[in-house]
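S.K.: Sequence:
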Amino acid sequence: MSVLFAFPGQGSQQAGMLHHLPDHPACHATLQTAATVLEQPPTALDSATALQSTVAVQLCLLIAGVASARWLQQQDIRPQMVCGLSIGAFAAAVCAGVLDFADALRLVRLRAQLMEQAYPHGYGMSAITGLKLPALQTLLDRVQAEGFPVYLANINAERQLVVAGADDGLARISQLSLQAGAARCQRLVISVPSHCCLLAQPADELQQALRDIPLQAPALDYLSANAARVLRTPAQIRDDLAGNMARTVHWHDTARLAWERGARLALEMPPGSTLTHLLHPVFTPGEAMAVADSRLDSLQHAARRLSQDDAGQHG
Numbered sequence: 001m002s003v004l005f006a007f008p009g010q011g012s013q014q015a016g017m018l019h020h021l022p023d024h025p026a027c028h029a030t031l032q033t034a035a036t037v038l039e040q041p042p043t044a045l046d047s048a049t050a051l052q053s054t055v056a057v058q059l060c061l062l063i064a065g066v067a068s069a070r071w072l073q074q075q076d077i078r079p080q081m082v083c084g085l086s087i088g089a090f091a092a093a094v095c096a097g098v099l100d101f102a103d104a105l106r107l108v109r110l111r112a113q114l115m116e117q118a119y120p121h122g123y124g125m126s127a128i129t130g131l132k133l134p135a136l137q138t139l140l141d142r143v144q145a146e147g148f149p150v151y152l153a154n155i156n157a158e159r160q161l162v163v164a165g166a167d168d169g170l171a172r173i174s175q176l177s178l179q180a181g182a183a184r185c186q187r188l189v190i191s192v193p194s195h196c197c198l199l200a201q202p203a204d205e206l207q208q209a210l211r212d213i214p215l216q217a218p219a220l221d222y223l224s225a226n227a228a229r230v231l232r233t234p235a236q237i238r239d240d241l242a243g244n245m246a247r248t249v250h251w252h253d254t255a256r257l258a259w260e261r262g263a264r265l266a267l268e269m270p271p272g273s274t275l276t277h278l279l280h281p282v283f284t285p286g287e288a289m290a291v292a293d294s295r296l297d298s299l300q301h302a303a304r305r306l307s308q309d310d311a312g313q314h315g
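Going by the numbering used here, 84 is the number at position 84 of the sequence shown; the sequence numbering is gapless.
Honestly, the hints are just simulated from the structure, not real lab data. For glycine and all other residues, C-beta sits at the position ideal for the given N, C-alpha and C. You may find that some hints are simply not true.
[Said to hold, decoys possible] Estimated spans, in silico, between C-beta atoms of each pair:
hint : residue 1 : residue 2 : range
1    : R187      : K132      : 40 to 48 Å
2    : P120      : Q208      : 16 to 24 Å
3    : D167      : S307      : 46 to 54 Å
Input sequences plus hints: build the corresponding full structure.
M.R.: What follows is the structure in structure tokens.
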């Protein structure tokens with residue numbers, strides 16, 4: 001039985017998220033590396049004003065994810081597999097030993113800049129709850145036929161889907177979805193149309209930048225949230241990191257993959273708990289916990305219990 005570290009994507013950011021990291025040498029060292037690479041204190045990036053920038057959001061999520069994972073490992077809570085949603089994939093790659101943290105900082109800054117430059121305004125993403133994929137796809141086909149650029153972005157659960165596109169297209173698909181029986185349509189705090197063909201060009205540019213970055217074979221199981229499978233080679237992970245901004249997220253299938261591969265404790269890195277809520281139905285009778293909402297002793301107890309259960313099964 002294994003521990004999964006799950007790294008969240010854009011939309012989970014919170015003001016002050018880097019200021020709320022544990023007061024621990026592992027976190028201090030991570031923040032110091034970030035300060036050196038970025039040539040500014042990373043804690044200047046997590047104010048409500050700063051987080052209006054896609055660049056600040058993605059850098060903060062990377063830093064928070066890496067710092068929290070390192071802190072947990074220092075507390076004897078170690079993963080056997082990792083997975084990241086969207087920008088979270090870069091933190092997952094660092095945790096798995098694939099990507100150097102300094103290189104990840106540079107790549108994520110470039111990634112966010114490319115996305116922001118491509119769509120500085122007028123685009124975003126919306127979550128639609130209560131419709132299954134076939135019903136939503138019918139509505140997307142209709143909206144696209146009307147001339148609106150809006151696309152499926154995330155399959156987070158059977159009835160929790162995300163679409164990406166232009167503001168007017170998002171408004172139209174939300175209207176139709178509610179008429180078709182959706183329980184809720186919520187605009188996400190994301191100002192770019194991630195995980196669809198609209199970001200194909202920025203993904204190609206990031207692919208070029210990644211060619212010059214050395215990657216190592218993963219020391220842990222690296223689960224791609226886009227492919228919903230384990231990636232084992234640097235070439236596969238390089239393609240995954242570069243292209244994930246333009247590819248559909250299959251989070252539900254990835255969660256099931258983690259369970260099928262033996263994960264019984266899933267820990268979501270700060271700052272939020274969105275992935276934890278999505279993991280709960282899959283990780284039953286296992287456990288999914290948000291690090292930001294849990295005491296350290298509770299996290300340690302869950303990890304020890306998993307280790308004891310595993311030892312009992314193999315004893």
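S.K.: If I claimed the Cβ atoms of P120 and Q208 lie 16 to 24 Å apart, would that claim hold in this structure?
M.R.: 22 Å, holds
S.K.: Per the hint of 40 to 48 Å, is the separation of the Cβ atoms of R187 and K132 within bounds?
M.R.: Since R187 and K132 have Cβ atoms about 21 Å apart, the given range 40 to 48 Å is violated.
S.K.: Take a look at whether the Cβ-Cβ distance between D167 and S307 falls inside 46 to 54 Å.
M.R.: Cβ of D167 to Cβ of S307: about 49 Å, so the range 46 to 54 Å holds.
Checked against the numbered hints given earlier, the structure breaks only hint 1 and satisfies all the rest.
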